[in-house]
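Undergrad: One-letter residues, chain by chain:
Number of protein chains: 2
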Amino acid sequence: MKISPLQKARYEYEPKLPGMLRNGISEISVKEGEPTQSVADQEKIQALFPNTYGKNEITFEKGENTAETKKRKVGVILSGGQAPGGHNVISGLYDALKASNPENELIGFKNGPSGLIEDDFIVFTDDYIDEYRNTGGFDIIGSGRTKLETPEQFAIAAEVCKKHGIDAIVIIGGDDSNTNAAVLAEYFAANNSGVQVIGCPKTIDGDLKNEDIECSFGFDTATKTYSELIGNIERDANSAKKYWHFIKVMGRSASHVALECALETQPNICLISEEVAAKKMSLSQIADYIADSVEKRAANGENFGVAIIPEGVVEFVPEFSALIAEINELLAGEKAEAFNALPTWKEKYEFIENGLSKEAMDVFKILPETIQQQLFLERDPHGNVQVSLIESEKLFSALVADKLKERKEKGTYTGKFNPLHHFFGYEGRCAFPSNFDADYCYSLGYNAAMLIQYGFNGYLSKISNLSKPAEEWVAGGMPITKMMNIERRHGEDKPVIRKALVELDGKPFKFFEDNRDKWAVETAFVFPGAIQYYGPSEVCDLTTRTLALEKE
Amino acid sequence: MKISPLQKARYEYEPKLPGMLRNGISEISVKEGEPTQSVADQEKIQALFPNTYGKNEITFEKGENTAETKKRKVGVILSGGQAPGGHNVISGLYDALKASNPENELIGFKNGPSGLIEDDFIVFTDDYIDEYRNTGGFDIIGSGRTKLETPEQFAIAAEVCKKHGIDAIVIIGGDDSNTNAAVLAEYFAANNSGVQVIGCPKTIDGDLKNEDIECSFGFDTATKTYSELIGNIERDANSAKKYWHFIKVMGRSASHVALECALETQPNICLISEEVAAKKMSLSQIADYIADSVEKRAANGENFGVAIIPEGVVEFVPEFSALIAEINELLAGEKAEAFNALPTWKEKYEFIENGLSKEAMDVFKILPETIQQQLFLERDPHGNVQVSLIESEKLFSALVADKLKERKEKGTYTGKFNPLHHFFGYEGRCAFPSNFDADYCYSLGYNAAMLIQYGFNGYLSKISNLSKPAEEWVAGGMPITKMMNIERRHGEDKPVIRKALVELDGKPFKFFEDNRDKWAVETAFVFPGAIQYYGPSEVCDLTTRTLALEKE
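Listed in order, the protein sequences are those of chains A and B. If you count by the UniProt record's numbering, then the first sequence holds residues 1 to 552, one letter each, in order. If you count by the UniProt record's numbering, then the second sequence holds residues 1 to 552, one letter each, in order.
Hints are computed from structural coordinates only; laboratory data are not their basis. Predicted, not measured: the structure shown is a model, and the values here were computed from it. There's no promise every hint is true.
Claimed, not checked - Just a few of them, taken from the derived set where beta-carbon distance is under 7 Å, the chain B residues facing chain A: (1) Ser4; (2) Gln82; (3) Ile531; (4) Tyr534.
Said to hold, decoys possible - Anything over 10 Å on all C-beta distances counts as not near chain A; from chain B, calculated: (5) Asn56; (6) Ile129; (7) Asp167; (8) Thr225; (9) Gly428; (10) Gln532.
As the list claims (entries may be wrong) - In silico DSSO-like pairs for lysine-lysine, Cα to Cα no more than 30 Å straight-line: (11) A/Lys507 with B/Lys162; (12) A/Lys62 with A/Lys8; (13) B/Lys394 with B/Lys162; (14) B/Lys551 with A/Lys241; (15) B/Lys494 with A/Lys518; (16) B/Lys2 with A/Lys416; (17) B/Lys2 with A/Lys518.
A virtual CB, placed ideally from N, CA and C, is assigned to each residue, including glycine.
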């Protein structure tokens with residue numbers, strides 16, 4: 001078997017473009033919008049982007065295409081973690097370029113931004129592209145995490161572009177990659193290289209969104225895949241009636257994935273990192289919050305449940321971050337050697353007890369021993385605790401077990417608590433894109449080609465009105481600088497695209513907040529099932545609950 | 001939201017019956033086949049089942065229905081682990097009973113076989129059944145693992161049946177539950193209770209199959225769900241190009257699930273427990289086998305891959321089983337106290353070193369410390385090692401890392417090895433049944449009702465010719481005793497249904513064996529994607545590769 005039946009069938013799928021892009025290239029004209037300003041720190045951003053700042057927002061509409069039809073060569077880069085639909089961005093870009101001028105060429109730099117620096121690429125052909133249409137993954141050219149951000153890298157990039165006669169680069173990436181796309185665009189403009197840079201908003205985390213970008217691609221497919229699995233586990237929990245499932249989902253800095261999955265599946269518990277931070281919740285408070293649900297459900301004879309835990313949540317617990325900071329300090333430099341020399345965990349524990357503040361020790365003491373040891377024994381090359389290795393799903397189930405033990409002694413809880421653990425991340429990043437992501441991504445790529453044809457530089461390909469059918473989507477472009485502000489990174493002021501966290505006064509969280517007390521006690525599980533590509537439209541074409549609530 | 005769009009849409013699905021059951025109840029007649037013999041130990045089995053042994057195989061065909069049309073009351077039980085399609089067995093049974101006689105009644109015993117003993121049931125109605133059609137899970141009445149096997153339990157069961165006027169019991173379960181169904185059938189026959197027992201073959205493990213039962217229900221959906229996830233991870237591996245994914249899948253005693261997933265997704269490695277046992281492979285040999293693939297792929301610049309590990313594989317490694325036996329012996333009774341009293345792991349290790357044989361110690365030494373500790377510190381109430389807790393996916397990745405370290409020192413290997421771990425089990429047991437499982441299960445239930453109407457007892461509902469379209473399926477019944485042999489269980493001779501292991505000379509394994517060397521080195525991944533319920537038939541209606549190969 002070379003390819004699966006579904007893959008074969010998906011090759012035939014024709015992604016839907018926004019209505020205004022459906023009339024053929026010759027019937028796409030530009031409608032100029034207003035000049036733009038960055039979301040904050042306008043003067044500083046303008047000073048950093050003198051050539052690309054303040055440009056107009058634009059939309060496309062039906063009308064005579066007035067762009068130059070010269071032959072163009074475009075390079076495309078996949079940057080960072082995989083997201084379903086990347087292949088469709090490339091095929092949309094390819095189709096629009098070829099439709100504009102059959103002599104246009106699209107090349108793909110291999111394995112991420114480093115491909116540009118290393119002058120390592122392939123030239124796309126019909127046959128090559130056809131094997132990747134409507135499929136998941138970034139394997140069409142590979143992805144990578146090299147950051148393009150230094151003047152030296154930019155100079156090499158300019159040279160590579162000149163050498164091959166490249167007119168434009170399309171960077172498919174998240175907030176960091178698109179920030180770097182803007183800086184590269186400014187560099188090209190400042191040096192009159194004539195090379196344009198266009199970004200496309202990618203990330204399953206959903207944290208690249210703002211008043212212009214309604215959602216990043218991949219979020220829809222990834223959350224639908226996780227929700228399928230969570231729903232299946234909920235149904236298993238409700239059938240076997242004997243396990244509490246603690247399910248960690250991807251999302252280091254923002255909890256959009258966890259929240260969307262909760263809206264889709266209505267679990268008993270879903271932690272939201274942004275809320276934990278805002279309310280300065282302690283580990284003990286969080287454990288009590290979960291234990292309350294376990295206890296109330298047990299009182300109803302339901303010794304089972306499902307809790308969703310966002311990957312990064314412990315980093316949002318203030319007392320935990322403080323503990324980590326103290327541990328990093330305690331083991332800095334030579335002190336680590338003294339610690340490492342201690343032969344037994346008992347002696348190490350005494351060292352820790354003497355070294356940490358009382359507040360930090362109070363937090364340390366309630367952790368399960370495996371996590372205590374992990375914090376001290378598995379450190380990165382700089383000697384720092386590797387917070388990302390902490391299995392938060394196991395941490396919280398252990399803390400909840402402790403709480404329940406206390407409650408059992410007090411007599412308030414008489415149930416049984418058998419936790420099981422899951423982590424869903426890699427399962428969703430390369431799924432076949434949902435119809436929504438297939439359409440959205442193809443449109444992003446097609447639209448990027450139009451932005452290139454019309455000579456724009458430093459723009460993000462923008463498709464909006466996404467909660468409506470594709471026919472009503474709006475295609476256009478937005479200067480990336482509009483989304484920027486200044487943030488302190490590694491002790492320096494840097495212009496960056498503001499990362500979108502879950503807004504606690506936003507409609508998706510509010511909806512969750514209004515319902516979660518009921519979900520915590522009742523069994524209100526919803527089972528979304530596997531992503532469907534065929535069949536009734538309400539099953540196949542709806543995007544996320546998050547977007548629906550935001551746009552309602 | 002009360003139910004998902006897919007669930008709503010699936011309510012409308014009309015499961016396909018075998019052609020011969022499509023003419024209405026009044027047009028279903030019995031064709032008697034040959035008398036049957038048990039697969040082995042015929043005399044002993046016959047002696048144990050004097051009233052139900054040796055009955056004829058039967059098939060249904062189009063013809064005048066000659067069965068009695070008296071009003072009947074039937075009870076149904078879900079036994080053991082969840083499998084997709086259980087709800088359809090019940091709805092098929094319900095629909096056939098109501099079509100036979102609208103006064104017929106179907107009741108469901110709650111939470112497994114214990115519901116029968118505890119006289120705890122619900123009465124099914126149209127409205128109730130309609131909420132569960134074509135959905136996953138066993139939440140319609142719950143499941144449980146209580147075994148019905150003692151004369152005392154049977155006596156209570158007979159009483160409950162008498163009290164409610166129950167004419168027949170349908171038991172939906174795996175090999176053990178159907179074994180017990182046969183024993184109960186014999187009991188009812190011996191006591192002239194007039195109650196019939198019919199079994200239905202359920203298990204995602206796929207190990208309830210034989211020359212009569214082509215596959216158990218749920219295997220198709222569960223393996224398709226795992227294959228979706230494995231394919232997604234393969235695509236991620238091939239995009240990021242930096243991780244080796246070790247994926248454990250369910251299957252304690254047989255590796256059908258692992259093998260089917262491998263046939264669907266073509267990973268680099270798939271261990272088959274039955275082969276490990278047959279070849280008496282050591283942990284070191286298995287680790288070398290995997291490390292060979294890692295090394296060869298690294299030589300091609302591919303420092304990534306996917307390995308499937310069946311859940312129970314370590315129990316099939318002879319030297320490991322011997323080690324476990326020695327540990328259980330070493331800690332039996334009072335000796336555990338001496339061991340537990342030792343304060344440090346170092347002292348415990350010395351105790352172990354003195355207590356184990358050289359052979360056992362050689363195996364113990366190569367284990368990662370976390371697993372060494374787990375073997376000694378986490379024991380069941382009888383003091384035995386809990387083999388099921390061993391995370392085999394982590395065990396093998398650790399052993400492979402050791403092998404690669406050696407090879408690096410020798411200079412034969414220069415790659416990078418970053419393992420990640422997954423376990424898929426609960427994600428697939430309650431998925432919405434595939435069209436195949438929806439059709440198969442509905443047919444099993446419908447067919448069970450016909451077996452009841454015609455007065456059969458101790459039969460398994462049998463639907464065959466499953467690799468063909470449903471129209472061509474063959475419906476009938478097989479005496480459960482035909483599948484039995486005598487096995488030693490807990491020191492006693494017991495009549496049991498022979499568990500089907502992966503046959504190393506069977507076509508599915510042979511196909512795997514013929515291809516795996518290529519798959520181990522090349523990237524031959526196949527991405528099945530999510531189960532589709534609508535769309536092209538070749539995407540939606542095909543059953544497993546295992547069945548296709550077995551029937552080709």
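Undergrad: Would you mind marking each hint as holding or not holding in the structure?
TA: Results of checking the hints against the structure:
Hint on B/Ser4 holds. Least Cβ distance to chain A is approximately 5 Å, under the 7 Å limit. Hint on B/Gln82 holds. Least Cβ distance to chain A is approximately 5 Å, under the 7 Å limit. A cut of 7 Å between beta carbons decides the hint on B/Ile531: the least distance to chain A is about 5 Å, and the hint holds. At a threshold of 7 Å, the smallest CB-CB gap from B/Tyr534 to chain A is about 3 Å, leaving the interface hint in force.
Every Cβ of chain A is farther than 10 Å from the Cβ of B/Asn56; the closest lies at roughly 36 Å, confirming the non-interface assignment. Distance to chain A confirms B/Ile129 as a non-interface residue, since its nearest Cβ pair spans about 17 Å, more than 10 Å. For B/Asp167, the condition that its CB be more than 10 Å from all CB atoms of chain A holds, with the nearest at approximately 27 Å. The claim that B/Thr225 lies off the interface is violated: its Cβ sits roughly 7 Å from the closest Cβ of chain A, which falls inside the 10 Å cut-off.
Non-interface status of B/Gly428 relative to chain A is broken: a Cβ of that chain comes within 10 Å, the nearest being about 7 Å off. Taking the minimum C-beta to C-beta distance to chain A, about 6 Å, the non-interface status of B/Gln532 is violated against the 10 Å cut. Proximity of A/Lys507 to B/Lys162 is assessed by CA-CA distance (about 57 Å); at most 30 Å being required, the pair is judged violated. Between A/Lys62 and A/Lys8 the alpha-carbon distance is near 34 Å, which puts this suggested pair outside the 30 Å criterion.
Proximity of B/Lys394 to B/Lys162 is assessed by CA-CA distance (about 53 Å); at most 30 Å being required, the pair is judged violated. Between the alpha carbons of B/Lys551 and A/Lys241 the distance comes to roughly 38 Å, so the proposed pair goes past 30 Å and is violated. Between B/Lys494 and A/Lys518 the alpha-carbon distance is near 49 Å, which puts this suggested pair outside the 30 Å criterion. With a C-alpha separation of about 28 Å, the suggested pairing of B/Lys2 with A/Lys416 holds against the 30 Å cut-off.
Pair hint B/Lys2 plus A/Lys518 holds up; C-alpha atoms about 13 Å apart against a cutoff of 30 Å.
Going through the hint list in order, the structure does not satisfy hints 8, 9, 10, 11, 12, 13, 14, 15.
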